[in-house]
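Trainee: One letter stands for each residue in the lines below.
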Amino acid sequence: MLEFLKCPVVVTAEVNLTVVALAAAGLLSRLWQLAHPRAVVSDPATRPDSTQNLDLRPVPPWGPGGLSVGWLAGHSWMEDPRERESVWSSDFDEVYYGQYISFYMKRVFFLDDSGPPFGHMLLALGGYMGGFDGNFMWNRIGAGTDAQALGPSSTALPGHMQGAGSEEEQPGLEPAPIWGAGTADRGLTHCTTVPAPPEYSPNVPVWSLRLLPALAGALSVPLAYQIVAELHFSHCAAMGAALLMLIENALITQSRLMLLESLLIFFNLLAVLSYLKFSNSQKHSPFSPAWWFWLTLTGVACSCAVGVKYMGVFTYLLVLAVAAVHAWQLIGDKALSHVCVFCHLLARAVALLVLPVVLYLLFFYVHLLLLYRSGPHDQIMSSAFQASLEGGLARITQGQPLEVAFGSQVTLRSVSGKPLPCWLHSHQNTYPMIYENGRGSSHQQQVTCYPFKDVNNWWIVKDPGRHQLVVSSPPRPVRHGDLVQLVHGMTTRFLNTHDVAAPLSPHAQEVSCYIDYNISMPSQNLWRLDIVNRNSDTEIWKTILSEVRFVHLNTSAVLKLSGAHLPDWGFRQLEVVGERVSRGESTVWNVEEHRYGRSQEQREREVELHSPTQVDISRNLSFMARFSELQWRMLTLRSDDSEHKYSSSPLDWVTLDTNIAYWLHPRTSAQIHLLGNVVVWTSAGLATLLYVLLFLWYLLRRRRNIRDLPEDVWLRWLLAGALCVGGWAVNYLPFFLTEKTLFLYHYLPALSFQLLLTPVVLQHVRDHLCR
Amino acid sequence: MLCATGRLLAARAATTLSAPPKSRGSAFRCRRRELHFPEHPELLFCDSSAGWLTRPSVPPGRRAVLRRGRMPPAMGGGLAGPEPRPRRGRSASQAARAAGTEAAARSPKRPARGSWRFEAVGRWVPLALVTLLSFATRFHRLEEPRHICWDETHFGKMGSYYINRTFFFDVHPPLGKFCAFLGSWLVPFAYLTVLDLSRSLPAALLTAALLTFDTGCLTLSQYILLDPILMFFIMAAMLSMVKYNSCADRPFSAPWWFWLSLTGISLAGALGVKFVGLFIILQVGLNTIADLWHLFGDLSISLMTVGKHLTARILCLIVLPLALYTAIFAVHITVLNKSGPGDGFFSSAFQARLSGNNLHNASIPEHLAYGSVITVKNLKMAIGYLHSHPHLYPEGVGARQQQVTTYLHKDYNNLWIIKKHNTDSDPLDPSSPVEFVRHGDIIRLEHKQTSRNLHSHYHEAPLTRKHYQVTGYGINGTGDSNDFWRIEVVNRKFGNRIKVLRSRFRLIHLVTGCVLGSSGKVLPKWGWEQLEVTCTPYLKETLNSIWNVEDHINPKLPNISLEVLQPSFPEILLESHMVMIRGNNGLKPKDNEFTSKPWHWPINYQGLRFSGANDTDFRVYLLGNPVVWWLNLLSIAVYLLSGSIIAVAMQRGVQLPAEVEGLSQVLLRGGGQVLLGWMLHYFPFFLMGRVLYFHHYFPAMLFSSMLTGILWDTLLRLCAWRLAKGIHVVGILSLLLGTAYSFYLFHPLAYGMVGPLAQDPESPMAGLRWLESWDF
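Which chain is which? The protein sequence lines are H and U, in order. Terminal number for the first sequence in the numbering used here: 780, no gaps in between. Terminal number for the second sequence in the numbering used here: 1230, no gaps in between.
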């Protein structure tokens, strides 16, 4: 017992004071007066645009009944893609990330196509630590100091509970109608008189919101030092790299704001550093704890970089490539046994391939776990996804009967959601007898697709063989391949298509609700149900889950959303056509709301249609299904690119021909500009050029067997080039292929690698050329 | 074409001679095929009847050669089975097998040179067979359908433009529209390439069979399209590159020079047809770099010799193709010297050289003066002239004032009068002196037809909502201060005069400071589908906001001839390339247009309807032979697997037997080259933003078929070495037969079919609809 007390307990700590000093300097430069300016830092040029709100959509003909359609009201800015563009276009100011932080605080689901959620989550973590409650009107310009509360109470579900007027309470979701519909002239004058940037209200913990990016920016400084040191260059060179990183004002500016670039740079550098540490420990102590630690950290840092921004993928690929080359050399090492080589490869595969994927999934898992309430972006997602969120569709669809039966009342949503998510709709108005271009129509009742909830979206599934419009007991479920008729609930007319050209797509058939004008056009209203995602051929049509197509019996046309907007006579709703050879998502529909019809009389049925559907259980989607849907939507969502005052092309970045004005105080004219240090940028550019020239020179001479450098110096020189020049290239060159609007800050990750190169090249010149 | 028909007849006769349809099975099949070809009564009784009919016209000599060259009679007899159609394919494969086994039997160690050239016959007969078969399949039923298919409208139209010498604009470089039957040469080219890469006859024959029996290649070769020509040049470049690589041991010899310059010529051809030709240039370039790198590292070669090698490559692979390419362009431009529908896409100076264009041989005043009547053209391609007309913007779209648009065609409504901003005196009054417009002047532009001024104000533009609206405003030239524009010439000092055509200027709105530009977006019906004109508050220099003066009328000024303005040939070259590249990128998918994704292609996910959609039409459907394509796909996976296994084994220093060593060299070197070709011709499409079609994959498909040939031959040889000798023969034979049989199944896709669609279970094609997405 207590034997161990006899010998002294000694902890030896190796502290590199240089690193500590550099970290301190970095912290000082990044954290000093972090909370200043206490205003939303956003580019003044975009501000009037982000509030543009021209309400072009028709006023929905809400039914007179009591069913509140209000849950849609909160979503209305998603309706018009152009409105989305105007809100999402300027993704470099604090407004942009700020609204997502609010969503995190409110646990409201959102969809951001600019990057994976890890970066947003880190920013939100800062807000959480600072006790931010999410109540701030991020993009209501002029909202000024009075912070408006999210809703009647902060726990209230946004939007759905309130009536149609609840737009006002939505924070940052709804472009502020300060110069709303019609009064465009008044609004545009804002372009010339820049409005004051809104100040943060006291409840916003500015300091802690900006803390994490600033910390990441500060820690990049010692990282730079260590990377150069691990590349086996002198401490002097390492110091130089760290100093360059420290004093580069573009990096300082970017990391002092609530933005993601500094996080990305931090994780990029961390990945490179830990890989270097790992490969250095490979030589003397493979499979030691340090070896494992650095290997794992490489994988973790890579996946964090990817999780912050998609751009991180390129650094990840670079690290993978270097690791692959090293692994290939390892395979060629005949001193190792086969088993040993296999273990090495397996460890690398697990740490660098499997672990990042798992972590990436984990980010999404946490993201979806946190955001469980329905929110403004719901409509982009499928019905099943929406049903998995609390509030929103789940409230409506809970307790719906699962199996659609003959006599069911349903709303049919187009699965594709392009150009807008919408529901199959009809109303009393008929197609105009003669279109503008002189073609004729059937003059029957219009069938459209309507992007708003409406009582006119209800259809009744009818058995062609029977007359009743109610569900028999027991209900007879509809199966794949069954013939059905679809009866429009409010007008009791049958969904019909025939050989008449559709209004806007003349190659396709018109779809109408049949009116018998006693002319020689018989009704053709039989549709065969085709369940697309069926498992068996007798599968039952299920609410939300089944994706169905309606194939017309007489013409084998398929009911399809053409995507075109009808002119005024169709109230600018979307055109629905029957097309013969057609596939794709736009022909697929699913049942969203569903209940068993009970009333045979038309009057009673109208009341029934107006009443809300009842409530019970919730349907859960598996995580992988939700993840893949979310990821897919994020990657395929394309916001229209718009030009911007401060946008620039990749070529401008190298020559520092561009800048971004982040903030301007209206009275004192104090400003924050993102602008690089010319000396640093020029020297980094020259160093890159010199490196490439020297490298080619050495390479050609080595090929002719003239060895200018000792072998170890050459390998060091190669590795430094692969990581620094390679890191710069992979973070820079892809921008030439992207079609997005680009800004100067996109160059900063590339720059951070390029900075490392300057001292490396200088030292090399001193050691080997100027001897 | 005459010769082609002759060969077609020969081929048809040849197919029928070997086995007349006797058995019941064949009769039954003939009847079934009636479903497909009701329009062509002469074909009702299979090809046989046609063959018999045409028989007298066939030169007997050729027939005899065909028969004797093909196969031992016993084999033929054994194969003359119940089906008449696949016989052709099968007999060829028999021949291949026969020749192949013979070759294999005689030369078990292939690289040994002595046994390789055992007889000239052994080399030429299979090649001749392959070529003939390829021609036969390609020219069979070439004349159907008689109507225009798919893109033929496009390229056929261009052909007629050449004949009329009308200038047109196309997104592809010009060569390619001259001829149509090069597609048949693909098969012998691929055959020779594989033969050279793998030194194995069975591999070459397998490749040839895959390509011959691929319905997709066949369909594509049968129509007036650019792709067969492009593929011809790609394969020619590949073949000559491989050939010259194998001459590497005799540098600077005559064949070496021949193949090297032939590579260059083919590259020029490939690039001249389509820009996709860039990929083969990339491949040849990579190969050359590797080659030079190898030479450079060879210390036994002096630097002088390396320099010679480098110069030779520069001459043959860079200078020669460029010269040829430029020559093709020069021909294109000199031939097309008349004005045509493509004019509007080009700059004013460019148009001046087209006869028939109003700028041709025109003489107009050189400098802009107040009172001049002008047309103003946007510098960006396909935007057109500043235009206005007496229609108002509709309710709700900005202010209800007169529309200002851009319009691509010449029209009186494009005319504007330049006036001073402050005086309203008539500048055309003969007593007043001529006053030139200078850079930096503040002007007013009055629309000549409606006498309204070009105007802008703080209303949002109709489509681009971040810009300001531009309207026509005022009555008889009297408006307000929002009609004033400052004219600024790009890259000029203040005070300079403004030249017609040559000066590029911007119009800056004085009050709001925005720049007049066109967004290029099409206005809705109310704007007559002309393009939107806006005033952009962003002062970025883009071509959208730069204009030049095209027509210029001012009686008070002396006219000068426009001859001096004509661009030089390099300028023409540059401009037409810029326009082409932009046009290519501008090919974005429209509504209801059929497009496909690159990942669809290798799995043969969906074909392309060439002609006919309904069950009564004569339908041709571009779809690869699924057996061939899926085999190719499988081969790529197997190749990657086996290649990496071999590479790892070699890196680990495993000692391989000499036989295996040789085979794996073939696999890694030859296969690697072909795989690189496949990747270069496939992966770049993932990055392209333009509209993509299925047929873009075919160059890559050629490479992947070559890979399949090399891979399976090598793998089967490895198996044969390990297990039993027979495996190789049986394996190759079954692959050949399998492809031939699948071609028999799927040939209606290429040769056309009539009858119910395949969705219909009644249709004879119903059983062949292996994927839901095929809609033939």
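The set of hints was computed from the structure by calculation and includes no laboratory data. Certain hints may be false.
[Claimed, not checked] Within a straight-line C-alpha distance of at most 25 Å, the following computed DSS-like cross-link-like pairs (lysine-lysine) qualify:
(1) 979(U) / 834(U)
(2) 874(U) / 427(H)
(3) 792(U) / 749(H)
(4) 427(H) / 654(H)
(5) 874(U) / 749(H)
(6) 994(U) / 749(H)
(7) 292(H) / 343(H)
(8) 874(U) / 902(U)
(9) 994(U) / 654(H)
(10) 749(H) / 975(U)
(11) 975(U) / 427(H)
(12) 792(U) / 427(H)
(13) 762(U) / 792(U)
(14) 654(H) / 792(U)
(15) 975(U) / 654(H)
Trainee: Hints numbered earlier in the text: which of these fail when held up against the supplied structure?
Mentor: Hint check: 2, 3, 4, 5, 12, 13, 14 fail, others pass.
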